[in-house]
Structure formats: structure tokens, C-alpha cells
Amino acid sequence: MEFGLSEDDRLLQDSVVRFLTTEVPLDRVRELAAADTQKAGFDSALWQGLADLGVLGLVVPERFGGSGQGFFLAALVSEALGGVVAPAPYVGTSAATWALLLGGSAAQQEQALPEIVKGKRRYALALAETVAPRQDAALRLQGNTLHGESLCLIDALPATHILAATSDGMLGVVEQGAAGLAMRPMQTIDRTRSWGLMQANGVSWEPLGGDMPRDQLLRRTLAAARVLLAADTLGAAQTMLDKAVAYAKERKQFSRVIASFQAVKHMCAEMVTELEPARSLLWYAAHAQDHVVEEADLMACLAKAHLGDIGREIARSATEVHGGMGFTDLVGLHYWFKRIGMDRQLLGGPELTREEAARLQHFVQ
Amino acid sequence: MEFGLSEDDRLLQDSVVRFLTTEVPLDRVRELAAADTQKAGFDSALWQGLADLGVLGLVVPERFGGSGQGFFLAALVSEALGGVVAPAPYVGTSAATWALLLGGSAAQQEQALPEIVKGKRRYALALAETVAPRQDAALRLQGNTLHGESLCLIDALPATHILAATSDGMLGVVEQGAAGLAMRPMQTIDRTRSWGLMQANGVSWEPLGGDMPRDQLLRRTLAAARVLLAADTLGAAQTMLDKAVAYAKERKQFSRVIASFQAVKHMCAEMVTELEPARSLLWYAAHAQDHVVEEADLMACLAKAHLGDIGREIARSATEVHGGMGFTDLVGLHYWFKRIGMDRQLLGGPELTREEAARLQHFVQ
Amino acid sequence: MDLTYDERYQAFRQEVQRFITEHRHLAPREIGLERPSEEQKRWQRLLIEHGYAARTIPKEYGGFGAPMDVLEQFIIADEFSTAGVSQGLSGQGIAMLVPTLLELGTEEQKKQYIPPTIRGDMVWCQGYSEPNAGSDLASLRTSARVEGDCFVINGQKIWTSSAHFSDMMFCLVRTEPDAPKHKGISYLLIPMTTPGIEVRPLMTMTGDAIFNEVFFTDVKVPVTNIVGQRGEGWKVANATLIYERGMLGDPNQTTNFYKRVVEVLQRETIAGESIMTRQPQLRERLLRLQGRVLAMRFHGLRLLTHFSRMEMPGVAMLVVKLYGTVLNHELAALAIDAMGELGTLYDKDPMLRDDGIWQRWYMFSLGLIIGGGTSQIQKNIISERGLGMPREPRTPEEIAASTAKQPQS
Amino acid sequence: MDLTYDERYQAFRQEVQRFITEHRHLAPREIGLERPSEEQKRWQRLLIEHGYAARTIPKEYGGFGAPMDVLEQFIIADEFSTAGVSQGLSGQGIAMLVPTLLELGTEEQKKQYIPPTIRGDMVWCQGYSEPNAGSDLASLRTSARVEGDCFVINGQKIWTSSAHFSDMMFCLVRTEPDAPKHKGISYLLIPMTTPGIEVRPLMTMTGDAIFNEVFFTDVKVPVTNIVGQRGEGWKVANATLIYERGMLGDPNQTTNFYKRVVEVLQRETIAGESIMTRQPQLRERLLRLQGRVLAMRFHGLRLLTHFSRMEMPGVAMLVVKLYGTVLNHELAALAIDAMGELGTLYDKDPMLRDDGIWQRWYMFSLGLIIGGGTSQIQKNIISERGLGMPREPRTPEEIAASTAKQPQS
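As you go down the protein sequences, you meet chains B, X, E and R in turn. So for the first sequence, this note's numbering puts the first residue at 1; every next one is plus one. So for the second sequence, this note's numbering puts the first residue at 366; every next one is plus one. So for the third sequence, this note's numbering puts the first residue at 731; every next one is plus one. So for the fourth sequence, this note's numbering puts the first residue at 1140; every next one is plus one.
Heads up, a few of these hints could be off.
[What the hints assert, rightly or not] Each computed DMTMM-like pair below joins lysine to aspartate or glutamate, with the alpha-carbon atoms no more than 20 Å apart: (1) B:39 / E:1077; (2) B:252 / E:860; (3) R:1487 / X:401; (4) B:249 / R:1523; (5) R:1374 / R:1269; (6) X:617 / R:1402; (7) X:617 / E:1114; (8) B:249 / E:1114; (9) R:1398 / B:295; (10) B:243 / R:1523; (11) X:608 / E:1114.
[Unchecked claim] Footprint (simulated), chain B over chain R, 3 or more residues, beta carbon under 8 Å: (12) 1428 to 1440; (13) 1523 to 1531.
Since the hints were made in silico from the structure, they are not lab data. Note that the Cβ used here is the ideal one computed from N, Cα and C, for glycine as well.
Assemble the whole structure, with the sequences as input and the hints as a guide.
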């Protein structure tokens, strides 16, 4: 029984964190965030670096060029990326990889997975409408082509492909740049990643062709994406807490460091008291995707909702500990604040995912 | 424009508070709380004293022996009673007085009101089922007599009469001790007042015979009762805060009074920051019962819910400021804690009254 | 309790309403974060002429010269706010400098500065905060030494809103380096065109640069540009700081804000059904906030009554800023949540709702929770001044710092 | 992550399960707040014999003598808790005194006290807290002066649970009145039958008297009844205080508690419809708490893994008490709210639900938030030991108090 990181897990985590610390300094984040929205949220050199580290093949079996180490590690990577607000289309690509593994045909897997591992294929997610269709957006099949609209695509513009769900829950893949497809960037608070709106007017579409029933595949894919988003929040929140504690130990007011004021200490204590058990929940939710399939989507819903809520609180408190400095752009804290704010809203905010969790447990119809 | 207490209001408030400070020392509360449930929650001498002060006739017109000063003052009195956790059936009697004023026939008013003012008639409220029928309890008319059960009657045993609502919302009066009526005390956390369950098996019943439409009368009666309960909470919470501040200024730990610790100071600051605006809300809700009739029930719902929530928080925090002492019976703080806990649950907890407020505003059907 | 107004006030309210009806076509749109336009200044002059701006400022300084009456002030604010018509210029010159000069300025200073300030011809910024003196304002380091008949100023200010278009700054500087912390400060008036001043925009998390950093290198101003005595700047500034802290909760604004959140819940949909009916959890949050909004509104009326009776409201007054800023933040958070994914839109996205005010306010109100004294400082003030709880005992270092001269780091 | 158990532990789990199946008819009902009954003591002896109680206590002191293995301990606790079967006696003698004696007692003390204690024949109470020394335990005043070969004890203790049926008390007293605060304390073992001891029940808000006040008037115990050295009592006690603080969050208990709250929401009705479906606002609260309950449960497994690897879990460990007690309180609050008016029932009302546990737990968990270090103290510990933030600077008075002798008030 080992509930925690193994020696191998730590080695990987350390190497990813070390790599990101060097490759994603705050200046780089700023630079990409200031770029126009066509380019925002994607650093191709960083992506290639992640591929070289083997990070894109963690869930991919060895025969497709991956290391097959499992979803738990993918979540650790997402946490690390959130920790440095990395401009990388990781959530979209990883969730799509997971969908291909569970529900792609052998041919689809053979074609896509080795490319993913190498960093050549990247995926956006067009799934928002399966959770909560807004603005009457929907994607529908007419014959074999896709029509309609999907909002708030995750990792939209850097993607070479889009994993898209029809309004009746079928998953399939569209190629970026396909005839009849229009993708426009959406401008959100989070400029460390890429967001978009897709309009399909008779776009060629390839449904995933594996054996898993449609509903189950959609649920497992959503669950994976939610855990990755929650992990991203965990990493970002941990960094904000670390920064708050470090700032408090440095900053002097009234002739003493503010870390010695009980009010500041207690704010930090409250943050860590929320964060540490939440990490344990996230670990289990990630583990469950691979190993406790019957709990995979329930745990994903609860972890997403919980991290969404405590992430928001920590983002506020950590900003407040920084005083006025936290409100400026000078320390760049707001990139983390906004990233957490973004994760929270995607694929179901806390209230929606909890309601889904209630249905999964038959608490309500 | 005077949003606040007038000189007259203050005089009355002062005299009531002075009277209660003398007449309801903690020892008296303890004594009555320790009495068996048949006697708990009622101090007849205190009641007579309140009658002598004129407190029972505040809303009653002069022609019936009252002073006709209005509901706002009745709410101030309820606040003062909550402040000393007074064992007095004030909420029931005052809400019933209000119902008689709005919806009683001339004869009913003539008969009942002078007796109320003198302290001779006291009313329990059997209204819980009009808000949220639990355990399938209900009162129903068969012919002219009342059948069924009602739970959690407010001020049950000291009452000489019961203001009871049928499940279709008609209000009427039953005499305590009438044939076919069984009243048993209910044991609750709050032993400073009296709670009961009534069973009616063909009890003689007199509907209120005035002109106000049935629905409106019920709504206005509930509103009055809710404002009185919220005022009771306000008074109890203010006392708990005062006690916490006083205790913190006295109690030493680590060679200094705990009131000088930032954590304790901030807990107290948070309590008062909630309490003062809530007092303003309560004032308006009380004022509205008399003077802004179209907002009377909305404001009552919102004030009841709001005081219920912040009352709970203040009860917790004030107990915590007292440390272990707050958890003992030695300082008696728990009488306030439990009184606030009781008020919160009666005639709709916060979620139910907010839902009612949403319906009143047509936010939802 | 008597929420009616007597005849005199009813008549006054009608007069205000009449003015608004007759003149609203002249009113500029809501005044932004720029230097007043000619149109705005014309409107301001019209308001002063009728006594709806600068109402209590004496005629000799360009005001309307009415006696103080908080109910009149309230009625003016209420009617203009309800009608959605500009109440004229605001800004730190009008809100803070003018009251300070009226109380402590010399006759020359009053005559020179007040008239153009209230007309909008002279724009001011405030130079209090410094990078190393946030909540602990008294530890500021910007220095002014006397050379001949001038102060020579060196140092840095931060959080200086409107510095980039201001004519003047009112500013705290340390003139007596050897005096204890609170006692070495003076209050100076500095023309922003003086050589040696550099203004750099300060970007905030909202992406706007409404604040600046201001750097002083050997900036010379005449010694007559002081308000009050040398070394008494702390007292001069504190009179208006209290004023500023009280101003930060505006029930009218919060009420309007709440109404817009209701609209969001009614307007936004999931699968065609409004959030209001589809998400009872969010409806509950809305109603919870409604209770607080109403509490704040009625609390404002209660304070108004205290002021009109010339009573000090005590702790009831001190809680307003903390209560109001947190409430605004929560309202914005709810609107964002109701919009789900679309709640994250920002900048100029074509689908952006309500000009993006929700995210902007979510962040800006967090800034307000922090600014002008963090919520931690507010709680200190509430517990100490409001509840009579003792200050934290001072450490030996603090005692030393407050009595000895400033560290020369 | 590997949540499977290797063969050895799987076999061990089966062994525990088999024991429970075969013997559960002998198990007493859940152990209450009284002196152990004969039935309970028989069960305890059976558990010790099989190694399910006193597992790691050496055989020579009456234990089972197994080496420490936290996974085995966890499996035992897990299986007994899942089966709803008593895990044997608890109480402060077993939880706190025995570990202390094992570490710091003399051989005679171990032989004399451990065997009867773990069998339930000797019951202990803890004498730490005093009315004027709550969170600030080191300022205790109960004194013990030496007269001949005895300590003579005078003073008062509070919060002494089970004092009214205990045989012995382990107790902190001040033996060196002239030493600095932390250094004048000794750890004594006191027979409760000694003349001069008076035990008075201390009523709490729940209406129960599970605590007592204990008064000492010239109580004499032999000088050999000390554990550790004179003046070192603070260190002796602190080893087990840490143990106690870690013990206060029990994920199994909280999980069971959560399940019962689910039942409440499904069982209670308004107009015949379950609260679960009728009040989505309460359902949302339930789900929110479910996330926290699961977080706590998995966090327990994470800590267990740390312990089994002989690693110190650091801040992850320190947060447990604060997290768990608040969570229990919130769970009880939700159950109460779901029952509406009926949530207020107490004592022996015929309609009382679930034996009145909800209100009792609501209050008792508040007591736990306060007890054993208020949440304020917990947050100090978390920020200082967990996050490396500095202690509050000490005031001149504190510095004086900790180095000088005790005040003689």
C-alpha cells in the first residue's frame, strides 16, 4: 500500500519541475501573454522540450512510442505546468490521448499516438456543450459531416486536431484547417493558454472507432480532462501559496516582517490547511482514472469542484497577502490568479460538477 | 427622514433593557431551564412585569388598552429579550396579536386584545406546517372542528390559546385545554422557551373573522413571527459578541490579555462587521411590517435568513473566543448559543426562507 | 423610524428632479479615468451654479456656499444616481485636497487652489504610498531637504492614480529625518511640471494602468508650498484619510451592481433554460447576497441619520469599507459563475457580456479590499477603535523605531 | 501510487476479519464514558492476546510485543471500524501515559503501571489544564513542594475527563517556583484516593458532565511518583501532547458520520418529498462536504504511507486536526438544517432522531475545535512549524515572564 509518490514518480516530477523552472521563466510567460491571441498560450519550443522529456507519452503504451506509466503521472505533469502557468496545450492533448486510448480504433491509435508522443499532434477539446450548452451552441452530424458551433475550446489554436463531441455525445476528431471549419480565438482572462470558438459547416469528421460505449467514453474523457484541470489548479495554487509565504517573510511593515503578524500567518495556515488534503483528493482522483474505473468520473467531478473552490479562495488570499503588490503586474501573480479562475469555469463549475456527482450517486435523477 | 431609533424608541428600549437586566439574571435562566419541560421557558412574574411595562400592548391600539406605537418597537423588545435569553412567550403572543389586529373580527379583537395587553392571554403558534410540513403533520378542518397534528409549536405550554393554521392556510384560535386537544412539550436544545406538539381530535376552533384575504393574512403573520425571531437572534448575538469582547479583555494567556492577539481581535472585528449591517436590515424589516406593507414578507424572509446565518457564525466565534470556558456551563454562554440555534430552524431555515423570497420576487415559480 | 422626508426636503428633492429632467441632455457620459473634457467642465460649472456640486464650499472659493446638510447631500446623490446622470467631477483634488485646504490651508492657498480644482481646471494626484510604506504609511522615505527657499525632493511614490494627467500633486515627504517616525513628515503641494519628476504607468492585474509610479530626482518646490507646519504632515493627511476610508462603500453602486447580477442570472442560459431556474445553488447565493446588499443599503441610511443628527456612529461606521468591498467582490464572483465558461471572457471578445465588467470588477474589488488599508488593517481598526480592544503590544524594535530617528538604509 | 496490499498484509487482513467474525458476539457495545465493565475488560484481554490491542507493547509489560508496523495498525483499525466492532479500551492512560512511561518511566514504573492500565484495571485521568492556563499550558500554577519524602500538592485542574472514576492521575505541577516558566514543572503520578483531592463535575454545553474540576489541598504523594527529572515535566508531557494532537482527526469516524448525513437527507421529508431532492441547496452543501470527507480520508492514507516509510509528513500532518474538527462540525450542522425544526430536538424527546447525535456532535465538535489547542493555536503551529513563518515577536513583558520567576499572585 503506497498512497503517494513512488521513487520513480518523484524522479519524473523533479525532472519536469526542473525543466519548467528553466524553460518557463515569468518573462517568457509575459511575452507570450502579450502576443496577439493567435499566438497566445503556445510556446512550440517548450512543447518540443516536453515531448523530448517523454512527458507526452506517459499514458501511451510502449508499442506506440510512449512509456505507459499511467494517468497519475500525467496529472503530476499537469500540476507542474500549472505551477509555472506554462503556455502549453497539455490538457487538451492529454485528454484526447486518453480518449484515443479508451475509444479509438486500432488504426486510429496507430496513426495518432506516435505523433502525439513526438509532439507533432496536439488536440483542442470541443466538449463544453456536453456539460452545459450555452448560447444554444451545439455540434451535430448531418450524414458524415459536422455542423454547428462549439464554445470555449481548450487549447484551441495550437491544436493540429480537435476532439469534438456531438450533442448526442459521440466523440470524433476534426483536423485543424479542414474545409468548412472556422476557428477564432476567444479572448479570456487567461492568456497563458489558448481558447477558441469553432464553427463547423459541413466539416469532415472521424468518429472514434473503438469498442467502448459512447456514453462511457464521453464520461471517461470528461473525467480525465477535469482531473487534469484540477491538477493544473493545484499546481497554480501551490505556487501562489509559496509566493505569499516567501513575500511575507521578506516584506516589512511596522518594523517587522509581515510573516510575523498573526493575521498573515493565519491566512497562510488556512491556505495550506485547504491545499494539503485537496492534494490527497486529487491524487486519488488521478489514480482512479487508471485503477478504480468505477469511481473515475465521480472522483473527477468532486476533485474538480473542490479544487475549483479552494483554488479561488487561495488565489484571493495569496493576492491579499501580497498587499498592493499582488494587484499590480509587477510580480505577475495575476497570471496564476487568472489561470485558476479559468480552470474553475471549464467543463462545469463547482455547482454543475457537484450536481453531476449527485446524479452519479443517484442522490437525484 | 430618520432611519434609526427616535428618542421615544430609546427610552422604551432602555427601560426594557434595565428591567430585564434586573429581572432575568443568569441564575433565573438556569433555574427555569433546569425545571421540567412542563414549566421550562416561562416565568410568570416576568411576564406580568412585561405587561406592567406596557410591552405587550405596543402594537395594540389605545382603545384596546395598548399604546399603538407599532411593530418596530415590538421587534426592539424581542431583541432585548433575546439579549438576556428571557424565558417569555413573546414571539408567539406578539405574532398572534399581529394576526388579530390584521385579521380578527371586531368582536375577536375586543375580546382578546385587552386581555393580551394585561398579560392574561398568551398565544402559542402552530404554523410550522404552512412553511414545511414534516412527518406528514397537518391540521385540517372537518366541519367546524380541528383534526390532526402540528409540530414545534412556539411558546407552547405557557400559552392560554393557540393560533393555528390549517393546511390550506386558514388561521384560527384554539383554547389551551379544550376538549380533544392534547399538548405535549417537545424537548429541544433551547430550554429558555417552551416548545410543544399539539394533537387535535375534533377540537373546537374559531377562525379569524376579519376581512383580510386568507393568504395575505397568513403571509403577514408569518412575516411578523419571522421578524421577531430574527430580532431575538440579533439580541442574543449582540450579547454573545459583547461577552466575547469582555472576556478577551480580561483573560490572560502568554502574559497578555487575549484581546491583544490579532487573531482574537479579527474574530471580534468580523463578528461586529456582520452584526451592525444586519441590525440595519432587521430595523427595516420591522419597519416594513407597519409602513411598507408591499415589502413586508420579502424583507421578513431575507432578514430571517440573514440573521439565521450570521447568528450561527457569531455563536460559534463568540464561543471560540471564550476557549474552553465557552464550552462549559460555567459562563452559561450556551443558553445564547442554543437560542440562536433554535431561532434559525423555526418557520423555515435560511435556505427555505430564501427560496420563498425568490418566489416572492418571481425569480422562480 | 420615519422614512418619510419633511416638506422642505420633499421640495428639495423635486427641485433636484426638475433640474435633472431639464438639463440631463447636457450631462456628459459617466466620467472616466481621464482629464476632464470641456463638456464635463461645463457640466461641472452648471452643477456648482445650482448647488449640486461644491455645495458647501464657500462662495469666495468658487463654491455654492450652502450650509452643510447631509440629507440634502444624500438627496442629490440619490437622485442623480437613480437617474443615471453624472454627479460631476470627482477625483482626489476635490475629494481630499479641497477639504484639507479648507481646514488647514492658508488664505492664499485656498484662493489659489480651490476655485480651479472644483471647476476641473486643475487636476490633482495624491502622493502618499511608497513601495516600502503600504499599510505602514508613516514609514515613508521620500525626503525633502531645505535649500534656500525651496524643498528639494528625492524618492518614489506608488499607486498614484491620474498622475499622468495631473497638474499638481499633494504629497507626504519626510522633512525631519531625525524626528520619530510619525513626526518628521510634511504635506507639500508639487506642480507636476517641475523638472525631475518622472511618471511611469503601473500595470495592474486588470490589464489597465490607472495607477502610476512617480519618481523624484532633486525636485524643487518653494517652501511656501507646504500645508500646515513642518513635521505635521501626518496630522494634515490623516483628517482626509479618515474621509477616504468612509467613502469607499457606496450602497447605490452596490445596489445597481446587484440588479445587474439578477439580470445575468435571468439572461444566461444552459440548454435554453435560465440559470435562475436551472441552478438553485446559484439562486441561493444570489438571495444570500441580496440580504447583504439590503443590509448595506439600510446601513447607509442609518449612518446618514447619525450624521444628520451630528452623532458619531462609532463602530457601525468603521465596518462599512470591509463589508462593502467584500460584497462587491462576491457579487462579481456570482455573475462570473452564472456565465460558466463565458464568464472568463475578457478584453474585446465579440461574445463579451456587459463590456467585461464582471471580471474587471472581480479583480478591481479585490484591489479595493487590499487598497486604502488591507482588510487586515481594517479589522485592526474595527477591533481597536470600534470595540476598544488593545493594540498589539509593541515589540522592543517597534518602540525603538517609533521614538528614534529613521533608519538611513 | 499502489493501493493494493502485498500478500503478507492481505493475509493479515484476512486473519483480522476471521477473528472479528468468530469473536464479535463477545464484543461489548461501543465503549462509553464510564469505567470499563467486566465484559469490556474481558474483550480487551482477548484483543491483547491476539495482538489487536496493546500490539506493540512489550510482553514483559503485558502487551503483545509485536514490532511497530503502521500498516498492520491501520488494517486492524480499518477492519474493526468497518465491522462496527469495539477496538477495545481507549482513554488517556492507554493513549498518553503508557507511551510516556515506555519512553521515560523507570523500570519499576513500567512494571507497576503499564500492565493494569492496558488491561483496564487501572484507569487514568490527565491533569494538565488549569483555569488560568488553557492554551498557555506552561503558565500553570498548581504547586508541589517537597516535604520529607513527599510532594505536597495544592491547586486546581480543569477539563479532567473521567476523573470521577479514575484510579490515578498523571499531572503537571510546578515544583520549582523560582525557575523560568517552562522549566519549573514536574510530571507526577497521583492516586486519586489520596486525601485532599476533590473532584467536581464540570457541566458542558451539551448538558453532559464528562469533564471535571479537580481540587488539591495538601495532597501528598511519594517523591518517587515522578516521571523524568524534577523541572523536566514540560518535556515529558510534550512528547505525548504531540501524539494527542495528531490523533484528533479520525477519517473512519468522519466517513461514517458523512454516510449518516446522507441518510438524513434521504430520510427526512418536506410534504413527503425527501430533502435530498427537494432542497438542492442542501444537496450542494452535502456534495461539498463529501469532497472534504474524501480529501480527509485520502489524506489519512497519504500520512499512513509517510509513517510506513518512516518519513515525517511535515505540514501535511499539522493540518489534520483543524481540518477534521471543522469538517465534523459542518457535517452536524447540515444534518440539523436538513431536519428543520426537528433538528432542534434534544434530550429524550420521543421524536428525537438518531439518539440526538447531531446536536450533541454539533456542540461537541465545536468543543474539539477549541480543545487541545484552539483553532487559533493550531494555525500558529501550522504557520510556524509547517510554513517556517516566524513567531510573533515577544513583548518586553513576555520576555520577562519567560525568564524570570513566576508571579506570586
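Hint-by-hint comparison with the structure:
no.: 1; hint: B:39 / E:1077; in the structure: holds, 16 Å
no.: 2; hint: B:252 / E:860; in the structure: holds, 13 Å
no.: 3; hint: R:1487 / X:401; in the structure: holds, 12 Å
no.: 4; hint: B:249 / R:1523; in the structure: holds, 12 Å
no.: 5; hint: R:1374 / R:1269; in the structure: holds, 18 Å
no.: 6; hint: X:617 / R:1402; in the structure: violated, 44 Å
no.: 7; hint: X:617 / E:1114; in the structure: holds, 18 Å
no.: 8; hint: B:249 / E:1114; in the structure: violated, 26 Å
no.: 9; hint: R:1398 / B:295; in the structure: holds, 17 Å
no.: 10; hint: B:243 / R:1523; in the structure: holds, 16 Å
no.: 11; hint: X:608 / E:1114; in the structure: holds, 16 Å
no.: 12; hint: 1428 to 1440; in the structure: holds (count 9)
no.: 13; hint: 1523 to 1531; in the structure: holds (count 8)
Hint check: violations occur at hints 6, 8; the rest are consistent with the structure.
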